[in-house]
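Enquirer: Residue numbers (UniProt numbering), protein chains in the order written: chain S, 1 to 381; chain F, 1 to 381.
Derived by calculation from the structure, the hints in this document are not laboratory data.
There's no promise every hint is true.
Simulated pairs of lysine-lysine, BS3-like, Cα-Cα distance not exceeding 27 Å [to be verified]:
hint: 1; chain 1: F; residue 1: 97; chain 2: F; residue 2: 81
hint: 2; chain 1: S; residue 1: 87; chain 2: F; residue 2: 141
hint: 3; chain 1: S; residue 1: 63; chain 2: S; residue 2: 377
hint: 4; chain 1: F; residue 1: 87; chain 2: S; residue 2: 141
hint: 5; chain 1: S; residue 1: 83; chain 2: S; residue 2: 97
hint: 6; chain 1: S; residue 1: 97; chain 2: S; residue 2: 87
hint: 7; chain 1: F; residue 1: 58; chain 2: F; residue 2: 48
hint: 8; chain 1: S; residue 1: 87; chain 2: F; residue 2: 337
hint: 9; chain 1: S; residue 1: 367; chain 2: S; residue 2: 377
hint: 10; chain 1: S; residue 1: 63; chain 2: S; residue 2: 337
hint: 11; chain 1: F; residue 1: 87; chain 2: S; residue 2: 83
hint: 12; chain 1: S; residue 1: 141; chain 2: S; residue 2: 337
hint: 13; chain 1: S; residue 1: 337; chain 2: S; residue 2: 367
hint: 14; chain 1: F; residue 1: 87; chain 2: S; residue 2: 337
hint: 15; chain 1: F; residue 1: 141; chain 2: F; residue 2: 337
hint: 16; chain 1: S; residue 1: 62; chain 2: S; residue 2: 81
hint: 17; chain 1: S; residue 1: 337; chain 2: F; residue 2: 83
hint: 18; chain 1: F; residue 1: 97; chain 2: F; residue 2: 58
2 protein chains.
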Amino acid sequence: MSSDILRFLDSSNIDGFLFVGDSISNSDMYYLSHFLAGDRFAILFQEKTSILVSSMEKSRAKKESCADEVLSTRDYHIMEKLKSCGKPELAYIEALKDFLRDHDVLRLGVAYSFPIGIFQPLSRHFDIQILESPARRARSKKSPQEIDCITTAQRACERAMQRAVELIACSEPRGDTLYLQGQPLTAEQIRSAIDISLLQDGCEAADTIVAGGTQAAEPHARGTGPLPANSPIVIDIYPRSKTHRYYADMTRTVLRGEAPGEVKELYHAVLAAQEAGIGAIRSGISGEEVHAAVSAVFQEMGYSERDGCGFTHSTGHGVGLDVHELPSLSEGGEILKSSQVVTVEPGLYYPDIGGVRLEDLLVVRDKGCENLTRCRKDLVL
Amino acid sequence: MSSDILRFLDSSNIDGFLFVGDSISNSDMYYLSHFLAGDRFAILFQEKTSILVSSMEKSRAKKESCADEVLSTRDYHIMEKLKSCGKPELAYIEALKDFLRDHDVLRLGVAYSFPIGIFQPLSRHFDIQILESPARRARSKKSPQEIDCITTAQRACERAMQRAVELIACSEPRGDTLYLQGQPLTAEQIRSAIDISLLQDGCEAADTIVAGGTQAAEPHARGTGPLPANSPIVIDIYPRSKTHRYYADMTRTVLRGEAPGEVKELYHAVLAAQEAGIGAIRSGISGEEVHAAVSAVFQEMGYSERDGCGFTHSTGHGVGLDVHELPSLSEGGEILKSSQVVTVEPGLYYPDIGGVRLEDLLVVRDKGCENLTRCRKDLVL
Chain S
1 MSSDILRFLD SSNIDGFLFV GDSISNSDMY YLSHFLAGDR FAILFQEKTS ILVSSMEKSR
61 AKKESCADEV LSTRDYHIME KLKSCGKPEL AYIEALKDFL RDHDVLRLGV AYSFPIGIFQ
121 PLSRHFDIQI LESPARRARS KKSPQEIDCI TTAQRACERA MQRAVELIAC SEPRGDTLYL
181 QGQPLTAEQI RSAIDISLLQ DGCEAADTIV AGGTQAAEPH ARGTGPLPAN SPIVIDIYPR
241 SKTHRYYADM TRTVLRGEAP GEVKELYHAV LAAQEAGIGA IRSGISGEEV HAAVSAVFQE
301 MGYSERDGCG FTHSTGHGVG LDVHELPSLS EGGEILKSSQ VVTVEPGLYY PDIGGVRLED
361 LLVVRDKGCE NLTRCRKDLV L
Chain F
1 MSSDILRFLD SSNIDGFLFV GDSISNSDMY YLSHFLAGDR FAILFQEKTS ILVSSMEKSR
61 AKKESCADEV LSTRDYHIME KLKSCGKPEL AYIEALKDFL RDHDVLRLGV AYSFPIGIFQ
121 PLSRHFDIQI LESPARRARS KKSPQEIDCI TTAQRACERA MQRAVELIAC SEPRGDTLYL
181 QGQPLTAEQI RSAIDISLLQ DGCEAADTIV AGGTQAAEPH ARGTGPLPAN SPIVIDIYPR
241 SKTHRYYADM TRTVLRGEAP GEVKELYHAV LAAQEAGIGA IRSGISGEEV HAAVSAVFQE
301 MGYSERDGCG FTHSTGHGVG LDVHELPSLS EGGEILKSSQ VVTVEPGLYY PDIGGVRLED
361 LLVVRDKGCE NLTRCRKDLV L
């Protein structure tokens, strides 16, 4: 990585690149420091990587982070600064300025997401360029170790899906509703079974979609209450490993009872569109072209997008330390590169029928792609 | 809330306040919109609240958000803009500008955390002030409903703590290590028991500290491997409800085996410091004064902070939609107000002894505080 960084600093004409934030919500910061912290800290990216943490975190950061140097705000006399200015935020900015000067920074780079409240006071003292984060693009190409991490999370995802599908398969359709052991089977029960299975595999899911009937017509509705019989149920699981923090992502659509003809046709179209998308993926093709290949299948089969119905979202996205990251398989999507990990997840949504979505996770390769997903696709259980 | 907002807009001399981000990492956005989305959207805060989402999210946002108006980037012709400029980010900025103009915005407010990459292009067309988020301070005072939410999460936290303490109490000290059913009892086992208990109560914990021995001397080290006998084990649980997204926070320190005299003394000092902190809390006192009361007890008892050892962190923090939010009980901490929810969590840390921390969750009231925590404090199990 180090030579890439030097080249980046050189070509951008800056002395260092600065991140300020927490590494739970800013995955670039976790990627660059391997230091997981819910409280704000700073990373200065130069020939060497230096991080600035609170004094309480200094010794942990020395042990856990991969930074070459760990400094604390106390090393820059933050308590004395606080006493003289009275405002914690001003004292922090002063410490940050000292930290930058101490590292001979005059020309600084920051990412698009950098907070304006810190940018503004720094911009009076440093020449700052707003650039794409050097981590953003680097993160999209995965190392073999990262692909192993994602694959482990994907296996956990599949075991959780299996558990969900088994529960639905055991349920009994009565009228419009599914019953299990005499009670309506709910989205909450399925979600809970998924959560427990994920936890047993060391993963967590902030949210999981289990949506049937008209709920499934909203791609991101999480779903609540009794699950419908004879109607498609969308199950979208995107767990993160609690150990290495990499995500997986998978969606299946299942139905218990009698499948109406129009639902079978939707499922058939989504499957064909997904196969076209997966078939199109290889390094050198653009995300836009893959999306166009998927959209073309829907067009041909008579499922044009109209009035917010049909295929209303993009074809897919990169998956890694964030569940949505580069590259994007959508209009405007860039050229795909080998070792990127992406989803292909076409779906069709109609308020009067419901929704169908199928999502696999794939590694882009030179001559195609490798499907990380080992989970059956059966509509009717 | 609406009259507060109008007053805020008026006094700041702006036509609207803009947020752009996702409401998973930006709790202000969730607080203001009640719309939970992992993908970026915008909230414009005027006499009415308007949100701008992708077309895929429009119908869900209409159902789930509390915004007065939901618009989509498609309503501002984002696909046509993308076709003409070729860059998704530029097309988004153009749609955002149209959205602002459409709402008669000339003078705009944004928060300190607003991303510079969006601030900069907007600043060429709007007169932008960087202000404290109107939600930040509003969030620190909790409504009775919010206190109910936090209390529910706290009860889940206590049941999980109970489970952890029971497991340690059942273990057998052999040499320097605790054993359960013939095997060393590990931090991972305890964390897993905590996670399962939390999940049964509809909560999740991104991380939980179970750290014994020298590991416990780092306040934020999560802890790994076999747990020590005759040595304090710090258990810090900060779960979030998956339903309403409010946090709770609690720490206990326990020891199985024989407690060395110096550990008993540490525990006694931390307990006394915590009692002094809790005793000091009432509306009108500053967070700085509460912290000083806690520090004074440690000073008196001979535990001054030195060389990064001793009481190395602040006394506490607000808890709500974020686990760390206003107010701060630390140097520079502001005046406390009735209905704020705060932790009081003094601790002492020495590499050669380990760590001891005790944390309760309290509601600030006019004449003192209400302790939301119902969990025993026993060092030796």
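Enquirer: Hint by hint, note whether the structure agrees.
Expert: Here's how the hints hold up against the structure:
1. F:97 with F:81: 12 Å, holds
2. S:87 with F:141: Cα-Cα ~21 Å, so holds.
3. S:63 with S:377: Not OK: residue 63 of chain S and residue 377 of chain S at ~45 Å, beyond 27 Å, violated.
4. F:87 with S:141: 21 Å, holds
5. S:83 with S:97: Roughly 17 Å separates the two Cα atoms, so the pair holds.
6. S:97 with S:87: 16 Å, holds
7. F:58 with F:48: 18 Å, holds
8. S:87 with F:337: 19 Å, holds
9. S:367 with S:377: Roughly 25 Å separates the two Cα atoms, so the pair holds.
10. S:63 with S:337: 34 Å, violated
11. F:87 with S:83: 47 Å, violated
12. S:141 with S:337: Holds, at about 7 Å.
13. S:337 with S:367: 11 Å, holds
14. F:87 with S:337: 19 Å, holds
15. F:141 with F:337: Distance ~7 Å between residue 141 of chain F and residue 337 of chain F Cα, so the pair holds.
16. S:62 with S:81: 24 Å, holds
17. S:337 with F:83: 23 Å, holds
18. F:97 with F:58: 19 Å, holds
When the structure is compared with the earlier hints, violations turn up for hints 3, 10 and 11 and for no others.
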